[in-house]
Amino acid sequence: MRERMADPILTVPTGSGTAFERWRERHLRILMLAPTLLLLAGLTLFPTVYMLTAAVQNVSPDPDVPREFVGLGNFARMLTDPELHVAVRNTVVFTVVAVTLEFLLGLGLALLFDKYIRRLNFLKTILLVPMMIPPIAVALTWKLIYQPQFGVLNELMFRLGLPSQAWAGDVNLAMATIIAADVWEWTPFIFLLMLAGLASLPSEPYEAAQVDGASAWRQFWDLTVPFLKPVIAIALLLRIMDALRLFDLVFILTVGGPAGATETLSLYIFKVAFTFVDIGYAAAISLVVLFATVGFSTWFIKRMRLAD
Amino acid sequence: MASVTFRDVVKKFGSFTAVHDFNLEIRDKEFLVLLGPSGCGKTTTMRMVAGLEEATSGDIYIDADRINDVLPKYRDVAMVFQSYALYPHLSVEDNIGYPLKIRKVPPEEYKRRITEVARRVELDTMLKRLPKELSGGQRQRVALARAIVRTPRVFLMDEPLSNLDAKLRTQMRAELKHLQHELQVTTIYVTHDQIEAMTLAHRVAVMNRGVIEQLGTPREIYNDPRTLFVAGFIGSPAMNLIPGEVKDGVFASAGLRVGGAGHVSIPRAVLGVRPEDVHVANAEDQDVNLVAPIYSVELTGENTLVSLQLGGRLMTLRADKNFAGQIDQRVGVKIETDRIFLFDAETERRVDF
Chain A
1 MRERMADPIL TVPTGSGTAF ERWRERHLRI LMLAPTLLLL AGLTLFPTVY
51 MLTAAVQNVS PDPDVPREFV GLGNFARMLT DPELHVAVRN TVVFTVVAVT
101 LEFLLGLGLA LLFDKYIRRL NFLKTILLVP MMIPPIAVAL TWKLIYQPQF
151 GVLNELMFRL GLPSQAWAGD VNLAMATIIA ADVWEWTPFI FLLMLAGLAS
201 LPSEPYEAAQ VDGASAWRQF WDLTVPFLKP VIAIALLLRI MDALRLFDLV
251 FILTVGGPAG ATETLSLYIF KVAFTFVDIG YAAAISLVVL FATVGFSTWF
301 IKRMRLAD
Chain B
1 MASVTFRDVV KKFGSFTAVH DFNLEIRDKE FLVLLGPSGC GKTTTMRMVA
51 GLEEATSGDI YIDADRINDV LPKYRDVAMV FQSYALYPHL SVEDNIGYPL
101 KIRKVPPEEY KRRITEVARR VELDTMLKRL PKELSGGQRQ RVALARAIVR
151 TPRVFLMDEP LSNLDAKLRT QMRAELKHLQ HELQVTTIYV THDQIEAMTL
201 AHRVAVMNRG VIEQLGTPRE IYNDPRTLFV AGFIGSPAMN LIPGEVKDGV
251 FASAGLRVGG AGHVSIPRAV LGVRPEDVHV ANAEDQDVNL VAPIYSVELT
301 GENTLVSLQL GGRLMTLRAD KNFAGQIDQR VGVKIETDRI FLFDAETERR
351 VDF
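In order, the protein sequences belong to chains A and B.
If you read the first sequence in the numbering used here, its first letter stands for residue 1, the second for the next number, and so on.
If you read the second sequence in the numbering used here, its first letter stands for residue 1, the second for the next number, and so on.
Since the hints were made in silico from the structure, they are not lab data.
Since the structure is predicted, the reported quantities are computational estimates derived from the model, not experimental observations.
The beta carbon of each residue, even a glycine, is placed where N, CA and C say it ideally should be.
Misleading hints may appear alongside valid ones.
As the list claims (entries may be wrong) - Derived DEER-like restraints, expressed as beta-carbon distance ranges:
id, chain 1, residue 1, chain 2, residue 2, range
1, A, Tyr116, B, Asp94, 26 to 36 angstroms
2, B, Ser38, A, Val129, 29 to 39 angstroms
3, B, Ser38, A, Met132, 40 to 50 angstroms
4, B, Asn163, A, Arg26, 37 to 47 angstroms
5, A, Leu238, B, Glu133, 26 to 36 angstroms
6, A, Gly15, B, Leu314, 48 to 58 angstroms
Claimed, not checked - Covered by chain A, according to a simulated footprint, are these stretches of chain B (three or more residues, beta-carbon under 8 angstroms):
id, segment
7, 43 to 53
8, 86 to 99
All chains, please: the whole structure from these sequences, using the hints.
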């Protein structure tokens with residue numbers, strides 16, 4: 001037998017480590033996380049507790065007036081507040097229409113790119129630009145496009161010989177202008193997710209389906225849709241949660257007008273809290289919206305069986 | 001039922017030619033195996049029949065129908081993929097039934113066929129399971145069931161047994177052979193495993209670099225290899241191929257002389273002899289062809305494989321299971337001279353004598 005020689009370069013340290021070393025190895029994770037945890041606690045815990053307490057109180061704008069406990073009074077007010085009901089309806093309409101359009105356009109574009117224009121990467125990048133622009137800049141851009149006197153859209157209408165419109169200032173068109181801007185901004189997000197989903201699909205089942213006699217249409221419904229279901233669910237969930245909180249576009253384009261035609265929940269809460277300075281009522285609405293969103297997401301995730 | 005004909009078929013991928021001027025007629029009800037190493041074009045050839053690849057030029061016929069431009073769904077072929085290609089989100093039942101669903105088969109007939117096929121491949125107790133809940137062998141049987149649930153004109157099988165363990169492979173091989181006999185459907189079977197080819201095929205087409213090296217029954221391919229490639233590819237352990245020179249019917253190489261090849265002369269020759277046609281003899285015997293040291297001794301159970309050192313290469317022979325030799329021991333070797341093959345090393349073709 002030949003004797004095993006110790007490797008002269010790769011030596012293993014001996015001993016069991018000092019007590020400090022062992023303590024450090026065990027607790028390093030906690031030490032590194034501590035600053036973030038403290039910051040998060042300060043930034044979310046405090047406002048949450050503040051909201052929970054304010055929701056059951058009457059909070060005066062005057063800091064010298066003591067808060068008054070009103071129980072479920074703020075919540076009862078919500079039942080008979082017509083402006084709130086309009087805001088809820090607007091938010092639901094916006095969410096359903098905008099997310100549906102974004103989904104159909106995003107999926108369609110992704111299918112097109114996946115099948116026919118795989119190599120044109122620069123086109124893909126251009127399509128993703130709207131999503132990368134800060135939302136405020138998007139809103140301001142669309143405000144200029146919609147501007148009735150010198151906006152691009154009315155100029156276009158004029159050249160086509162069509163009557164100019166007030167757009168965001170028109171009761172009947174205002175919601176559509178918000179939806180159009182949101183679709184422009186967020187379709188790329190769906191597009192990106194779908195494209196990634198499509199790229200990860202296995203090719204063999206499609207070949208099997210072709211031989212089994214399935215048309216392209218059948219392959220789409222029988223294979224692509226079920227395969228993409230988890231990605232579709234995530235994309236819809238993120239978009240719906242985001243749409244329910246819509247604020248920036250409305251705030252810049254219409255400030256909820258005209259005549260409350262585009263007032264969304266977030267904007268209404270903002271108005272109640274900072275224009276009417278009714279903090280207690282605003283907190284109560286926020287709380288309900290929070291629970292509604294969490295409830296919806298939980299149901300949706302269960303429904304789509306995303307857990308497995 | 002159907003025959004499949006390839007006429008001057010060429011398949012190119014960019015500048016790479018995967019299949020060259022391919023001509024082959026597969027008869028009705030025949031079990032034809034395309035055999036060759038990976039990259040020889042055998043799978044591409046089969047995929048052209050399925051319609052998953054398009055021939056660059058040439059014609060492919062099923063019976064009298066030219067199918068080059070026929071969509072896969074109208075070709076009426078069924079295929080078993082190497083990776084099985086099951087529909088991962090569908091149950092066993094729905095996987096098997098998918099071709100029927102596409103063809104809008106009425107519910108009673110649908111049920112009847114699935115039950116019948118599932119029983120045949122012994123999956124009748126797991127119809128509700130998903131593919132991920134099955135073992136490799138069970139998945140393979142689902143893929144098979146999906147192919148036989150309808151009666152296509154042609155079966156295409158792309159290495160269907162390669163992902164199974166050795167024992168299951170042997171068992172499924174027998175089942176496939178029986179099934180094909182029973183269903184009487186023309187079958188094209190792709191494999192790189194020469195034992196599968198030998199056991200399953202009516203005829204084997206041995207492919208190499210996109211061309212057919214030899215077409216024949218398994219027996220013809222084994223007993224009468226026409227090229228060096230076929231000689232080396234068929235048989236396990238492989239045929240011994242020893243380079244040397246043939247002068248007036250006598251092959252000579254370092255330490256080895258074998259006569260009996262008529263009066264041929266080949267300046268650069270290769271001698272081919274199968275391990276079972278080489279025998280161990282006493283090193284002192286006068287008529288041994290070779291005396292060489294033993295390199296290794298491997299007992300397989302039914303025989304002992306003995307490798308000898310011959311120049312810089314090994315020569316393998318199949319000895320009796322009770323053969324007891326030691327490594328480095330020098331033994332004599334006798335070669336059955338009427339069972340040798342001679343190849344021209346330049347053309348790589350057999351030289352008859």
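Results for each hint:
no. : hint                                      : in the structure
1   : A:Tyr116 <-> B:Asp94: 26 to 36 angstroms  : holds, 30 angstroms
2   : B:Ser38 <-> A:Val129: 29 to 39 angstroms  : violated, 45 angstroms
3   : B:Ser38 <-> A:Met132: 40 to 50 angstroms  : holds, 45 angstroms
4   : B:Asn163 <-> A:Arg26: 37 to 47 angstroms  : holds, 45 angstroms
5   : A:Leu238 <-> B:Glu133: 26 to 36 angstroms : holds, 31 angstroms
6   : A:Gly15 <-> B:Leu314: 48 to 58 angstroms  : holds, 52 angstroms
7   : 43 to 53                                  : holds (count 3)
8   : 86 to 99                                  : holds (count 6)
Consistency with the previously given hints fails for number 2 only.
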